[in-house]
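Protein chains in written order, with the working numbering: chain E, 1 to 251; chain U, 1 to 316; chain W, 1 to 312.
No wet-lab data here; the hints were simulated from the structure. Being a predicted model, the structure only gives us computed values, none of them experimental. Keep in mind that a hint or two might mislead.
[Said to hold, decoys possible] With a cut-off of at most 25 Å between alpha-carbon atoms, the simulated SDA-like pairs for lysine to any residue come out as follows: (1) LYS75/E / ARG152/U; (2) LYS75/E / LYS133/E; (3) LYS133/E / ALA144/E; (4) LYS75/E / ASP187/U; (5) LYS75/E / LEU78/U.
Each chain, written out:
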Amino acid sequence: MADVLPLLDVRGLSKRFGGLQAVRDLSFTLREGEIVSLIGPNGAGKTTVFGLLSGFHVPDGGEIRLRGRSLVGLKPHAICALGLARTFQIVRPFPHLSVLANVEVGALAREPRRPQAQAHARAVLEQVGLAVKMEQPAGSLTLAERKRLELARALATCPSLLLLDEVMAGLNAAETERIVELIRAINGTGITILLIEHVMRAVMSLSARVIVINYGETIAEGLPREVANDPRVIEAYLGDPGEAHVGAAPA
Amino acid sequence: MRWAALAGVLILVALPAVLSSYLLSVFIFIFFYAFLGQAWNIVGGYAGQLSAGHAAFVGIGAYVSAILSQQVGLTPWLGMFVGGAVAAVLGAVIGYLGFRFGLRGFYFVLLTVAFAEVCRIAVGNLEVTGGAIGYYISFTGNPWQFQFQDNRAHYYITLTLMLLATGVAWLVERRRLGAYLAAIREDEEAAEALGVNAFRYKLTAMVISSFLTGVGGTFYAFYLLSLQPNSVFGIPLSVDIIIRPIVGGTGTLLGPILGSFILSPLAELSRHYLGQGGWAGAHLIAYGILLILVVLFIPQGAYPYLKSLVSGRSNG
Amino acid sequence: MAQGGRPPEVRLPPAQGLGEGGRLSILVAQGLISGLLFGGVYSLMAVGLTLIFGVMRVVNFAHGDMMVWGMYLAWLLATRVGVDPYVGFVVCAAALFVLGLAVQRGLVNRIIDAPHEMQILLMLGVALVLENVALLVFGPEPQRVRSAISTSAVWLGPLFIDVARLVTFAVAIVLSLLLSFFLFRTDLGRSIRAAADNPYGALVIGTDVRRVYAIAFAVGAACVGAAGALVTPIVPFQPTTGLQLSVTSFNIVIIGGMGSLPGAFVGGLLVSVAESLGAVFLAPSMKELVSFSLLIVVLLFRPAGLFGRRAP
Chain E
1 MADVLPLLDV RGLSKRFGGL QAVRDLSFTL REGEIVSLIG PNGAGKTTVF GLLSGFHVPD
61 GGEIRLRGRS LVGLKPHAIC ALGLARTFQI VRPFPHLSVL ANVEVGALAR EPRRPQAQAH
121 ARAVLEQVGL AVKMEQPAGS LTLAERKRLE LARALATCPS LLLLDEVMAG LNAAETERIV
181 ELIRAINGTG ITILLIEHVM RAVMSLSARV IVINYGETIA EGLPREVAND PRVIEAYLGD
241 PGEAHVGAAP A
Chain U
1 MRWAALAGVL ILVALPAVLS SYLLSVFIFI FFYAFLGQAW NIVGGYAGQL SAGHAAFVGI
61 GAYVSAILSQ QVGLTPWLGM FVGGAVAAVL GAVIGYLGFR FGLRGFYFVL LTVAFAEVCR
121 IAVGNLEVTG GAIGYYISFT GNPWQFQFQD NRAHYYITLT LMLLATGVAW LVERRRLGAY
181 LAAIREDEEA AEALGVNAFR YKLTAMVISS FLTGVGGTFY AFYLLSLQPN SVFGIPLSVD
241 IIIRPIVGGT GTLLGPILGS FILSPLAELS RHYLGQGGWA GAHLIAYGIL LILVVLFIPQ
301 GAYPYLKSLV SGRSNG
Chain W
1 MAQGGRPPEV RLPPAQGLGE GGRLSILVAQ GLISGLLFGG VYSLMAVGLT LIFGVMRVVN
61 FAHGDMMVWG MYLAWLLATR VGVDPYVGFV VCAAALFVLG LAVQRGLVNR IIDAPHEMQI
121 LLMLGVALVL ENVALLVFGP EPQRVRSAIS TSAVWLGPLF IDVARLVTFA VAIVLSLLLS
181 FFLFRTDLGR SIRAAADNPY GALVIGTDVR RVYAIAFAVG AACVGAAGAL VTPIVPFQPT
241 TGLQLSVTSF NIVIIGGMGS LPGAFVGGLL VSVAESLGAV FLAPSMKELV SFSLLIVVLL
301 FRPAGLFGRR AP
């Protein structure tokens with residue numbers, strides 16, 4: 001297993017915004033075909049990590065390698081061309097364009113000819129379950145549909161690695177279940193997935209591994225069950241573990 | 001829709017048989033500004049970059065082809081491409097500077113105005129261009145020198161230019177460039193995340209637009225036979241260029257054409273009937289009011305608005 | 001905008017004892033002084049514009065054409081009622097205040113949240129209407145206004161100072177100071193600055209943001225109305241300079257920093273001096289080349305301007 005080149009290799013990643021050290025010496029790897037979750041309390045730096053991986057921020061230090069190829073300093077469109085696609089935490093559809101046109105933009109990343117790109121976009125919309133809304137303007141979709149559209153767009157770029165940023169936020173139980181199935185199906189086609197998520201049930205059921213970060217650094221990494229019981233993780237989410245026990249004497 | 005467009009073109013082609021020379025010149029005016037508006041539309045409408053300095057490209061195309069014709073004897077039929085190319089170089093420079101440095105919205109508008117003004121002042125102070133007095137082209141009426149005795153020639157030339165620019169816009173719409181420009185217009189960052197090199201495509205639109213506009217400058221020069229830097233590089237011409245596509249509908253194929261058919265006759269009527277009393281600029285008041293009304297009530301433009309009315313009615 | 005306005009006679013000190021360098025330095029010094037004095041008007045124009053942008057984030061493309069109306073109102077007052085522009089500017093400011101209120105309430109309010117491009121186009125429409133109505137009513141010929149002090153000049157050694165320019169400069173400075181007093185020492189002024197800094201916060205504490213916006217726009221218009229009046233005794237004016245003046249105002253405001261009052265003030269002086277020196281070193285017709293080149297440099301390398309806090 002150690003001989004296989006990891007799909008994504010992140011070492012010593014750090015980023016500072018003014019006085020705030022958002023990401024500090026972060027390292028992890030992703031193997032081809034995995035689903036890995038990146039979790040942590042609000043403000044832990046997770047979306048910043050996505051921003052760094054996808055080229056929207058330039059790291060102050062550290063290295064990011066996709067199949068051995070360095071991504072540092074590349075613009076977002078170049079990184080997408082190399083096979084890394086991302087969604088945004090707050091969805092950003094192209095509101096005046098149709099659902100199909102939205103996804104077609106993603107498809108054009110791999111297929112410059114419009115008719116073929118459109119056909120690919122249709123197929124992706126089928127896969128994601130939005131085909132019936134193809135002609136509607138993206139601005140008219142519900143939140144759950146927009147999340148699926150965001151996912152479809154990124155998927156249409158034929159990525160090797162898909163970064164999903166809180167794709168389940170704001171969804172009800174049924175919608176969440178559907179997205180979980182979809183993510184599993186996408187992973188089934190060979191796409192590696194890195195999830196930022198707060199919905200713990202989904203994280204536990206989907207992930208092969210979980211990475212926990214807080215204040216920009218890794219505080220735990222491992223199997224979902226291990227991480228859930230790790231006292232450092234509990235402390236990060238809830239504060240002092242002593243407080244979680246009713247009737248405990250103050251420190 | 002296709003048949004209607006074809007019919008329209010055929011009518012326009014046949015019209016000169018029944019038009020007086022005066023009416024011919026009105027149509028020339030309509031076609032030429034529709035052409036300029038359509039050329040602008042590629043970067044201002046489809047790419048969504050409001051350039052308020054497009055007169056610079058007209059001026060450059062005009063002066064380059066005029067000077068090459070008068071000093072070097074190069075026929076404007078070739079000179080127009082040289083003029084277009086030089087205009088495209090300026091367009092590339094402005095686009096490069098503006099887009100590389102991330103200038104958006106108002107700041108980009110001002111950058112384009114600044115360049116147009118610099119051109120105006122520079123050309124107005126150079127001897128080779130005739131300075132503030134202007135540049136004059138001797139009348140020969142020789143078609144090889146892009147001069148025609150018969151107004152019908154001008155009619156067909158401007159009609160061709162208008163159709164050519166519309167054809168280019170149509171191609172842009174159909175190809176990947178068009179889809180990418182639409183995405184950039186909606187949300188540039190989201191487009192970047194999907195593999196769209198926004199800088200490259202905006203710059204492409206700018207170069208195409210400025211090249212076409214520069215080619216039009218040659219017609220301007222040899223139709224009027226005199227060039228004044230304040231007129232051909234001035235803000236009023238830039239306003240004239242953008243107001244037709246804006247009223248007609250930016251980012252649409254027929255918007256600039258419809259806009260010119262609405263606004264150009266208005267200007268001509270004003271000049272014809274009110275010009276004697278010194279009211280020649282009255283149409284600009286109408287332009288201003290129309291602009292205000294369009295922005296407030298039908299920001300998408302006249303053509304999309306009319307289209308939605310028609311399709312709304314047919315859907316019951 | 002024509003900055004020329006030659007005095008009745010140009011007197012240079014006798015040539016003996018002065019080399020080329022001496023003569024040039026006198027020209028430069030003269031240019032500096034003229035530019036600086038005229039800069040008061042530029043500053044006033046720019047302060048009005050930056051106030052509007054700073055508070056409402058609205059790009060007022062009609063700024064120069066409002067100034068044109070300030071000029072012509074002053075002209076009307078001077079020629080029909082016999083009021084000197086140095087007194088009449090108050091009326092012009094008041095009239096433009098009212099016009100500003102009307103434009104803001106009727107038009108600008110509807111596009112406060114629209115993208116910049118839409119605002120620019122709307123205000124361009126307003127500019128076209130204002131400019132061409134003025135053209136219709138007053139005609140295209142350049143006008144001048146004679147003030148009681150128009151023709152006097154004061155000599156400072158080899159340099160002359162046009163008294164009208166001096167008074168214009170003084171009044172412009174006083175008005176700018178009054179404006180700062182209003183913004184920093186009065187409750188309404190503080191509300192305006194609060195709304196500029198943080199519109200939602202201002203709403204939360206109960207500020208009537210609509211009223212604040214209207215006042216800010218009206219005050220901005222009043223500034224430019226006064227500036228227009230103050231300029232009439234110094235240079236000839238005509239309606240068609242409106243768009244040009246708007247562009248100059250934007251030049252200044254970007255160089256000084258959008259939304260920054262000290263930036264607009266300093267920017268106005270800076271640009272005016274740069275243009276003046278440009279006229280000396282290049283040619284009078286090339287003076288705007290300097291300010292536009294400066295604008296391009298600022299746009300590319302420091303879009304926030306000299307004093308600005310926000311980059312685009």
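Right, here's what the structure says about each hint:
The suggested pairing of LYS75/E with ARG152/U is violated, with an alpha-carbon distance near 52 Å, which exceeds 25 Å. For a cut-off of 25 Å, the pair hint linking LYS75/E to LYS133/E is broken: about 32 Å separates their Cα positions. For the proposed pair LYS133/E and ALA144/E, the alpha carbon gap of about 13 Å is at most 25 Å, so the pair holds. Proposed proximity of LYS75/E and ASP187/U is supported: the alpha carbons are some 16 Å apart, at most 25 Å.
Among the hinted pairs, LYS75/E with LEU78/U is inconsistent with the structure: their alpha-carbon atoms are about 40 Å apart, more than 25 Å.
Against the hints set out earlier in the document, violations occur for numbers 1, 2 and 5.
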